[in-house]
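S.K.: Using the sequences plus the hints, can you model the full thing?
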Amino acid sequence: MRIILLFLFIFNFSFAELKNVWASKDFLKNDIKIIDVRTPGEWRETGIIEGSYPIMFFDEQGRFNIPLFLEQLNRVVKKDEQFALICRTGSRTSEISKFLAYELGYDVINLAGGIEKLMQEGYKPVMYLPKNQ
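For the sequence shown, the numbering used here gives the first residue as 128, with consecutive numbering after it.
Here are the simulated lysine to any residue pairs, SDA-like style, with alpha carbons at most 25 Å apart:
| id | residue 1 | residue 2 |
| --- | --- | --- |
| 1 | Lys258 | Asp186 |
| 2 | Lys258 | Arg190 |
| 3 | Lys205 | Phe226 |
| 4 | Lys225 | Ile182 |
| 5 | Lys206 | Glu144 |
| 6 | Lys146 | Phe185 |
| 7 | Lys205 | Ile159 |
| 8 | Lys146 | Ile159 |
| 9 | Lys160 | Ala143 |
| 10 | Lys244 | Tyr255 |
| 11 | Lys225 | Phe210 |
| 12 | Lys205 | Thr166 |
| 13 | Lys156 | Arg202 |
| 14 | Lys146 | Arg219 |
| 15 | Lys244 | Phe185 |
| 16 | Lys146 | Asp158 |
| 17 | Lys160 | Arg215 |
| 18 | Lys251 | Leu155 |
| 19 | Lys244 | Phe154 |
Think of the hints as simulated: they come from the structure by calculation, not from any bench. Predicted model only: the values in this text are computed from it and were never measured.
M.R.: Okay, structure coming up:
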């Protein structure tokens with residue numbers, strides 16, 4: 128029985144992958160879903176990537192709710208579907224992507240440099256409008 132459980136555990140995570148890619152306008156041309164894990168205040172301040180999914184991980188006080196984040200994430204991506212995470216500079220997504228890939232088996236791309244790097248390249252984010260508006 129233990130061997131079967133070990134096999135299932137290894138098999139489940141054998142497809143997990145983590146890539147670190149510099150955030151760039153060229154990357155945005157890919158057909159990969161982008162999850163923006165910043166706070167609503169940050170989304171309002173800079174805007175968001177057009178077509179991205181704003182799903183906050185850490186709140187303004189640095190607290191997090193993993194079950195709520197995963198519930199919202201799983202509405203957007205399938206566990207075996209590759210997707211990218213972005214934050215302001217890539218610091219938060221560096222840690223979140225490791226957790227999602229190595230602990231939970233997601234296929235994640237961390238967009239290093241974050242939205243700030245994109246904006247330095249001349250990318251113009253779109254205005255963030257909460258869904259209830």
